[in-house]
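Protein chains in written order, with this note's numbering: chain A, 1 to 302; chain B, 1 to 760.
Source of the hints: derived by calculation from the structure; they are not laboratory data. Heads up, a few of these hints could be off.
With a straight-line Cα cutoff of 27 Å, these simulated DSS-like cross-link-like pairs (lysine-lysine) come out [said to hold, decoys possible]: (1) Lys230/A / Lys48/B; (2) Lys495/B / Lys385/B; (3) Lys48/B / Lys241/A; (4) Lys495/B / Lys547/B; (5) Lys48/B / Lys245/A; (6) Lys241/A / Lys230/A; (7) Lys153/A / Lys280/A; (8) Lys245/A / Lys280/A; (9) Lys315/B / Lys671/B; (10) Lys245/A / Lys230/A; (11) Lys221/A / Lys48/B; (12) Lys180/B / Lys129/B.
This is what each chain is made of:
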Amino acid sequence: MASNFAGLDPAILDRLSSLSLVARKVVEGTLAGTHRSPHRGSSVEFAQHRAYAPGDEVRRIDWKVYARSERLVVKEYVEETNLACNLLLDASESMAFSSLNWSKFDYARWAVAALSHLVIGARDTAGLVVFDAGHRSKVPPGNGTAQEVAILKTLEDSTPGGPTAIGEVLHTLAPRLRRRGITMIFSDFFDEVQTILEGVRRLVHQGHEPILVQVLDPLEKSFELDALLKLEGLEGAGSVKIDPKAIREAYLEELEAHNQELARGARALSVDLISTTTDKPLDAVLSAYLTRRSARARGGGR
Amino acid sequence: MFEGFVNPGLVIGTSLAAVPLLIHLLNRQRHRPLAWGAMRFVMAAYRKTRRRVQLENLLLLLLRMGVVALLALCVARPFVGSDGALGPLTEARQDVVLVVDASASMGYREDVETVFERSLRRATAFLEKLDGPRGDRAQLIVMGSTPRALGWGDPSKALALVPTLSPSAERADLAATLGKVLAICEEDASGTGSSHVQVRILCDLQADLFASLRGTLSAEDSGIQLGEEQEAESPGTEPLARQHLNKLQELGVRVLIEDHGPAPTNPANISIQSVRTLNQPIGEKSRVQVVVQVANHGTSPRPAERIALSVNGNKLPVAQVDLPPQGRAEALFSFQAETPGAQALLAQLEGDRLSADDSRAAVIVVPPAISVLVVNGAPSTDLEKDEVGYLLMALEPLRGGDGPGNTLSAPFAAHEIDPADLLASSLDLRDYDVIILAGVSSLPEVAVQGLTERVASGASLIFAMGSRLADLEGTNARLFRADGSGLLPAELVQKRSTSRRGRYWRVADFEETHPALRFFAEERWMPLLTEVPIYSFVEARPLEDAKVLASLDDEGQSPLLIERAFDQGRVYLWTTSFQREWTDIAVSPNTLVPLVHEWIVHAGGRNEGPREARPAESLGLILRNFPRSPQLVRPDGTGRPLAEEPVQQADGRWRLATLAPSDTALPGLYKVQLEGASAEPLAIALDPRESELERISPAALNGLHPALALAEANGETTGDTPLAPRRGELWRWLALAALTFLVAESIWSARLGRRRRITA
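Let's have the full structure, built from the sequences with the hints guiding it.
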């Protein structure tokens, strides 16, 4: 999918001063590509006319009817907007890792900010949950500028720290997310895979459409380390002196096995899993949302 | 595991094997801390790979430490015995020192080959058995008067040198040779305290070779001339050869003696032992009597052995002698030296199995007539009153017609002058060897100066008293100095006289060994000197360093004849006169003639310098006249120019450059040819001890020293004496192991690197 890479390049986003700028830039960049919003705040299938009420968008007025009857009416479609998008952001300490100038958390936060801007701009509702071993902060689903501001502020106030327990968090959150919709989970998913999948399964059972966005640091993924290191685990995972070259092969095997298991589990649940690294443009993330959004609007749903 | 190390000090290098370990431990301190998010995967990978990584790193570390340790051991060169566990791996390298006796006795010919040729054959066979590529080393030492070591290294080099060896005419010096062997063994031992060098001496078992090993060194033996490299031996100490053997024994080295000599214990051999003169000829046409001594070293008599003597190339009639077993005989020859100078003599026998001692060269120097200047202090036509009349008669005996006894040579050329003639410009004192001042009352200062210079340059001056010598004080003032700088050897005190009818004085005591007076030492001639009346003499007080050769029987035992060295020359004081009035010696020809002759010959004699030497000894030559373009010609006709500048001595003679040992290796007559002058002969003669071929018995040899053992000609030792154990070194195997470790480390390190390489 083509994208305006310049607008989605994380290195450029890193230089922006606020999340709102990031969000706008990302969205513009994404939509400047092939993604045109398939909806302008409304469903695409005509359902009926209703009388014009002040505040309705002028462009929704059916002028043909007015010409015929001199009545101001607006068109209504099968589904009105108000698609819910729950954005879950992992703020555990492991998300603080960075080999670049920005961490996994920064990257995920940009993606969340951009998505909230996109969703709210499309008159859908967006909500935010920031979590680690439990949920830390929450912005209930809503729409409008104020909602976006609230989401962005919560994002800006959040810092990574604390242990990880993704599966338990999802399990707990699933029944609490009232508005069913697309639930995007931004995390590195460094936890027991089965526990994570249990949580995702709970979300699915609750009628949500989870999209797992795994954010990794490129160094975590490549393990291209030369010198002798004393690796000190974030989240209090202990420390060990290693020769990275000596264990690299085994490390990559372990990581690959974990990701494979996660992907298998996600496939089994028909859940999208996007794996990205912090050095890649953000369009993949937004594209995933937009694709899922389009499918749902056509009634494809899940 | 190892018996020892050739370089024990380098064993400490094995401690460097700890360096890779230290580097490994230091590296463990250098882990850079890094916060990591995906720790679960790191821990899982770490647990999975820890043991394998540890083993891999341990193997790498051990390989690196092994390389260092093996290299250090390799350099330290450990060795083991051939019967040790590692014995089969050892190289058993051999280091051999082969000594070939090249002395004159080795030229003894038995059947078709000489003893020396037989030894060379054996040396070749021995060296061919050594293995250079294996590391065997060999050194050849040629044993002569000065042993020559010919390189230390590959046996093939020594083998190539063997055919170039030739026997010499020298006498073998066992002590010097053992000294060279000891130096080699000490270097081989290198502080380990033992050496495994095999030493073999190929010789003819001549008893004289081992003479220096017997007993304690006597004062006589210590006077033997030694070569430059030899240490001086003091009387009463152990002989040097024995000292060297003691040290070799301490190093565990045995010297094997291989006998390649002739079969008989006392091989038959006759030799010319010496050629010498019986008299002391002086001047032209002087008669020279030569004795040639011949020895029979064998056990059978040798009757009618013919001896030939040639003088300056002219053969004299052959003489015959009968030689008893183990005995000597002398043949007398006589010839007339037509002109003074060096006479080249060559005595020869009919050849036998050892030809080197069948001829002997000698040079006899017949000095020219001694030139005597007689200064007559009281000339007179009356012989009885003349101060020097009788003296001159003694100096120049009458010459008669033909017939035996009448053709006398003139050993002296006497020239009489007045004291005033001392100042004559035509007089050159350098023409005279002896100057006699007989009764000279006064001398001008210029004359005294001239006399002083002449005596200082080597002439002799005789002061004789006389009637006109009245002013003793004046004479003392001019000629005597208490510090010895004056010409007179004694201070003149007073004249003493007695009447002829009264008591007279006689010679009471004299130096019987002094050349001037030894004629009278013989009992039958002694009264000629001691009974002759002396009526007048001058009392004299000699200087401290003056020697009184004869003294009178007065109460003070006044000196009659005093001698003193004065720079290069000598000064004599005859406290009486040659005048009849003073003593009856003047009119006693039986006293005066021998006295004057012996005295003047001694006073006028010159050190002509040696004209004879042993083979390979240095020899200098002193000549009266400047040598132009001197060329040395050896007995075999080869030669070389003597380019070095001759040096003039204080006495006016010239000294040629000393001939090097390499110039005088051959025995025989040498010549120094001079442009515009007769050739000057030199003689190089064998040491007569080399002719004594008696061989030492095996029992006697084995009993000489524990470090000596007799080997059979095939190389094995006799009896139960085993060969020296061979020391085996392992350094090549260690080097190979180090190389293997290094290759293994490289391969393993590369493999680990490839496996752990970060691929894009």
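Hint-by-hint comparison with the structure:
Proposed proximity of Lys230/A and Lys48/B is supported: the alpha carbons are some 17 Å apart, at most 27 Å. Restraint check for Lys495/B and Lys385/B: satisfied, since their Cα atoms lie roughly 18 Å apart, inside the 27 Å limit. With a C-alpha separation of about 14 Å, the suggested pairing of Lys48/B with Lys241/A holds against the 27 Å cut-off. For the hint linking Lys495/B to Lys547/B, the alpha-carbon distance of about 21 Å falls within 27 Å, and the restraint holds.
Proposed proximity of Lys48/B and Lys245/A is supported: the alpha carbons are some 14 Å apart, at most 27 Å. For a cut-off of 27 Å, the pair hint linking Lys241/A to Lys230/A stands: about 4 Å separates their Cα positions. Only pairs whose Cα atoms come within 27 Å are accepted, and Lys153/A paired with Lys280/A is accepted, the gap being roughly 25 Å. Among the hinted pairs, Lys245/A with Lys280/A is consistent with the structure: their alpha-carbon atoms are about 25 Å apart, no more than 27 Å.
Distance restraint check for Lys315/B and Lys671/B: the Cα-Cα separation of roughly 18 Å lies within the 27 Å cut-off, and the hinted pair is therefore satisfied. Of the supplied pair hints, the one linking Lys245/A and Lys230/A holds, its CA atoms being roughly 13 Å apart against a limit of 27 Å. Distance restraint check for Lys221/A and Lys48/B: the Cα-Cα separation of roughly 19 Å lies within the 27 Å cut-off, and the hinted pair is therefore satisfied. Distance hint between Lys180/B and Lys129/B is fulfilled; the C-alpha atoms sit about 24 Å from each other, no more than 27 Å.
The earlier numbered hints are all upheld by this structure, with none contradicted.
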